[in-house]
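Protein chains in written order, with this note's numbering: chain P, 4 to 119; chain S, 50 to 161.
No lab work stands behind these hints: they were computed from the structure. Because the structure is a prediction, the values reported are computed rather than measured. Be a bit skeptical, because a hint or two may be false.
Which chain P residues face chain S? A few, computed with CB under 8 Å, are given here [what the hints assert, rightly or not]: (1) Leu48; (2) Gly111; (3) Leu116.
DMTMM-like cross-link-like pairs, simulated, lysine to aspartate or glutamate; straight-line CA separation at most 20 Å [as the list claims (entries may be wrong)]: (4) Lys52/S <-> Glu64/S; (5) Lys12/P <-> Asp59/P; (6) Lys120/S <-> Glu109/S; (7) Lys108/S <-> Asp76/P; (8) Lys52/S <-> Asp29/P; (9) Lys66/S <-> Asp116/S; (10) Lys52/S <-> Glu62/P; (11) Lys112/S <-> Asp133/S; (12) Lys12/P <-> Asp76/P; (13) Lys148/S <-> Asp41/P; (14) Lys148/S <-> Asp59/P; (15) Lys120/S <-> Glu103/S; (16) Lys120/S <-> Glu54/S; (17) Lys148/S <-> Glu62/P; (18) Lys52/S <-> Asp88/S; (19) Lys52/S <-> Asp133/S; (20) Lys112/S <-> Glu64/S; (21) Lys106/S <-> Glu33/P; (22) Lys104/S <-> Asp116/S; (23) Lys12/P <-> Asp88/S; (24) Lys12/P <-> Asp29/P; (25) Lys104/S <-> Glu160/S; (26) Lys148/S <-> Glu101/S.
Ideal Cβ placement from N, Cα and C applies to all residues, glycine included.
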Amino acid sequence: NAGVTQTPKFQVLKTGQSMTLQCAQDMNHEYMSWYRQDPGMGLRLIHYSVGAGITDQGEVPNGYNVSRSTTEDFPLRLLSAAPSQTSVYFCASSPILGSTSGNTIYFGEGSWLTVV
Amino acid sequence: SQKIEQNSEALNIQEGKTATLTCNYTNYSPAYLQWYRQDPGRGPVFLLLIRENEKEKRKERLKVTFDTTLKQSLFHITASQPADSATYLCALFTGGGNKLTFGTGTQLKVEL
């Protein structure tokens with residue numbers, strides 16, 4: 004089992020460029036999400052999906068798009084990169100976050116993005 | 050406003066002592082709370098989950114308590130080792146919206 008796989012690991016972008024961060028999981032999880040992590044801010048939810056064809060916004064969605072065409076893949080698109088999007092991005096997956104059952108979220112290893 | 054607070058200052062303790070980390074929250078009614086460990090340059094790794102109707106949970110050298118009246122969770126590592134040095138994150142799930150909200154984490158350093 005590979006778990007949650009993110010690519011690329013490191014990327015430098017120029018302001019205004021677009022790019023896609025790839026995320027794939029092989030655990031047949033329904034729930035997938037993208038977080039960004041900045042010093043002193045913790046992990047902040049960008050977008051999430053509860054299944055193929057269903058996506059929703061998190062806490063900081065502006066400047067990012069997502070789609071979920073398959074259960075396995077959940078790419079994050081930066082439409083027009085800005086220096087404020089310099090961050091570490093984590094993709095995560097889980098069985099659906101039940102209200103009382105509780106489920107573990109499995110994180111990828113992160114993608115370091117610098118926008119200059 | 051909703052807030053999850055973890056001590057932003059690093060916690061330095063000696064090997065063999067018990068480390069205690071705190072997670073306080075306001076304006077949440079969490080269905081459960083989780084603790085994660087994060088090593089530098091890596092993604093967070095799940096450690097423990099405690100539900101709103103549970104007071105305490107244990108796993109090997111780890112113990113988590115959950116006081117919904119105080120709106121606080123305590124995370125204990127007994128007989129701490131240098132290998133326990135990492136950042137520890139708490140996260141709350143409130144039962145709606147399929148969202149897990151994270152605190153900013155506390156860095157633990159266990160010294161010989």
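(message) Please verify whether Lys12/P and Asp88/S have alpha carbons no more than 20 Å apart.
(response) This hinted pair holds, its Cα atoms lying about 16 Å apart.
(message) Hint validation: Gly111/P versus chain S, beta carbon distance must be below 8 Å. Holds or violated?
(response) holds, 5 Å
(request) Quickly compare the C-alpha distance for Lys104/S and Glu160/S to 20 Å and report which way the hint goes. (result) violated, 30 Å
(message) With the threshold set at 20 Å, check whether the alpha-carbon distance from Lys52/S to Asp133/S stays at or below it.
(response) Between Lys52/S and Asp133/S the Cα gap is close to 27 Å, so the pair fails against 20 Å, i.e. violated.
(message) Lys66/S and Asp116/S were given as a pair; does the straight-line alpha-carbon distance stay at or below 20 Å?
(response) The hint is violated at about 23 Å.
(request) Starting from Lys120/S, check that the Cα of Glu109/S is at most 20 Å away, please. (result) violated, 25 Å
(message) Given the hinted pair Lys112/S and Glu64/S, is their Cα-Cα distance within 20 Å?
(response) holds, 17 Å
(request) For the pair supplied as a hint, Lys148/S and Asp41/P, confirm whether the alpha-carbon distance does not exceed 20 Å. (result) holds, 19 Å
(message) Check the hint pairing Lys106/S with Glu33/P against an upper bound of 20 Å on the C-alpha distance.
(response) Violated - the C-alpha atoms of Glu33/P and Lys106/S are around 27 Å apart, more than 20 Å.
(message) Can you confirm whether the C-alpha distance between Lys120/S and Glu54/S stays at or below 20 Å?
(response) Holds, because 11 Å separates the two Cα atoms, which is no more than 20 Å.
(request) Mind checking the CB of Leu116/P against every CB in chain S and telling me if the closest is under 8 Å? (result) Violated, because the Cβ-Cβ distance from Leu116/P to chain S comes to roughly 14 Å (cut-off 8 Å).
(message) So if I understand the rule, the pair passes when the alpha-carbon distance is 20 Å or less; does Lys108/S with Asp76/P pass?
(response) With Cα atoms ~33 Å apart, Lys108/S and Asp76/P exceed 20 Å; violated.
In summary, the structure is inconsistent with hints 3, 4, 5, 6, 7, 8, 9, 18, 19, 21 and 25 from the numbered list given earlier, while agreeing with the others.
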